[in-house]
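*Asks:* Sequence:
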Amino acid sequence: MVQYSEVFMERVGMYRRAGISILMVSAAMLMGACGSGGSNASGSSSPTAGASATDGSSATDGASAAPSGTSGGPVFLGPDGYGAVKLGMKREDAEATGLITVKDEPPGGIGCGTFDFKEFPQKGPYAGGNFSPQLGVASIFAVGDMRTPEGITTGSAAAEVQKAYPELKKGPNASFVTVPGNPKAVYTFLIENGRVRQLVLDLATQTCHN
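Read the sequence shown against my numbering and you will find it ends at 212, with the numbers running on by one and no gaps.
Among the clues, some could well be false.
[Stated by the list, open to error] Result set (BS3-like, lysine-lysine): computed pairs, CA atoms no more than 27 Å apart in a straight line:
1. Lys171 / Lys186
2. Lys120 / Lys172
3. Lys186 / Lys88
4. Lys172 / Lys186
5. Lys92 / Lys186
6. Lys172 / Lys125
7. Lys120 / Lys92
8. Lys88 / Lys120
9. Lys165 / Lys186
10. Lys165 / Lys92
11. Lys92 / Lys172
Simulated from the structure, these hints should not be mistaken for lab results.
Only a predicted model underlies this, so the values are computations on that prediction, with no experimental measurement involved.
All chains, full assembly: derive it from the sequences and hints.
*Replies:* This is the structure:
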């Protein structure tokens, strides 16, 4: 079972239910009970294709994510999932897409398990998302080239996030916003040194992490 870093847990726990009924984008995602650019039991994030730039330019510049096996065109993280994997989808249906593999089962059949996207396998304790028996796919962490329809990915500048999401609720570390086009979901950002370190797409009602 993937756990999040203590630092991230403390940060996201403080801001998750502050401005919206339930959390939004968890950081490494790292995000308790379960898991970016994968989530991890220790809380640190794994490297992603959207690594931060050092010259102030956006790390999102370049091609949009297009998973292998698609007919082409961008595949975004949000508003309702990533490709054929949708928030709220039953675990067996998510597996049937052929895009994921279950990494950890919910302990004792309760709580949350973790999965990886086959295209973006995560090492060790990291994972690409969480699922629970009650909610199905509950969280998807930005891994690989994943980005939001608004062009935000890990490595994006904080100013870009604010411009893309004017309603962003900012905290000293974790920030979140209701997903445009999907009021049942939230994006959560862990921003450090002026850039997005972790990005998560969550069901607003998810219980896999704080």
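*Asks:* Hint by hint, note whether the structure agrees.
*Replies:* Here is how each hint holds up against the structure:
| no. | hint | in the structure |
| --- | --- | --- |
| 1 | Lys171 / Lys186 | holds, 16 Å |
| 2 | Lys120 / Lys172 | violated, 33 Å |
| 3 | Lys186 / Lys88 | holds, 12 Å |
| 4 | Lys172 / Lys186 | holds, 19 Å |
| 5 | Lys92 / Lys186 | holds, 16 Å |
| 6 | Lys172 / Lys125 | violated, 30 Å |
| 7 | Lys120 / Lys92 | holds, 18 Å |
| 8 | Lys88 / Lys120 | holds, 15 Å |
| 9 | Lys165 / Lys186 | holds, 22 Å |
| 10 | Lys165 / Lys92 | violated, 34 Å |
| 11 | Lys92 / Lys172 | violated, 32 Å |
Going through the hint list in order, the structure does not satisfy hints 2, 6, 10 and 11.
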